[in-house]
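Undergrad: Sequence:
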Amino acid sequence: MNHADMNNMDPKVDTLDQQISHSAIGTVTKVDASSKKVTLAHEPVESLSWPAMTMGFSVKDEALLTKLKVGETVDFEFMKVEQGYVITEVK
158 MNHADMNNMD PKVDTLDQQI SHSAIGTVTK VDASSKKVTL AHEPVESLSW
208 PAMTMGFSVK DEALLTKLKV GETVDFEFMK VEQGYVITEV K
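Heads up: the sequence shown begins at 158 in this note's numbering, then just goes up one per residue.
Hints were generated in silico from the structure; no laboratory data involved.
Honestly, I wouldn't trust all of these hints.
[What the hints assert, rightly or not] Each computed DSS-like pair below joins lysine-lysine, with the alpha-carbon atoms no more than 27 Å apart:
no., residue 1, residue 2
1, K187, K226
2, K226, K194
3, K224, K187
4, K194, K224
5, K193, K226
6, K248, K193
7, K193, K217
8, K224, K248
9, K226, K237
10, K217, K248
11, K194, K217
12, K224, K193
13, K217, K237
14, K237, K187
15, K248, K226
16, K237, K193
17, K248, K187
18, K194, K248
19, K237, K248
20, K237, K224
21, K194, K237
22, K217, K187
Taking the hints into account, I'd like the entire structure generated from these sequences.
TA: The structure is reproduced here in structure tokens:
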């Protein structure tokens, strides 16, 4: 690789594909379609050393919100982005 080419790279560029994905299981407590967010009471997330907690997540694709129903337990994948955490997949 020619390191001179790296001068054109923007270090602030942060795409989801470049992030580490985390997995968790959680119960949906709120779905807010207008803000594209969901609140989940999730189990501990070992990859982040997080205890179980309730927190809000944005969703990568608004269509994911149709898969989420209050009271339902789901397996989900999420990533850290500049604005917080975003769910990328729901199983």
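Undergrad: Could you tell me which of the hints above the structure violates, numbers in ascending order?
TA: Checked against the structure, no hint fails, so every one of them is satisfied.
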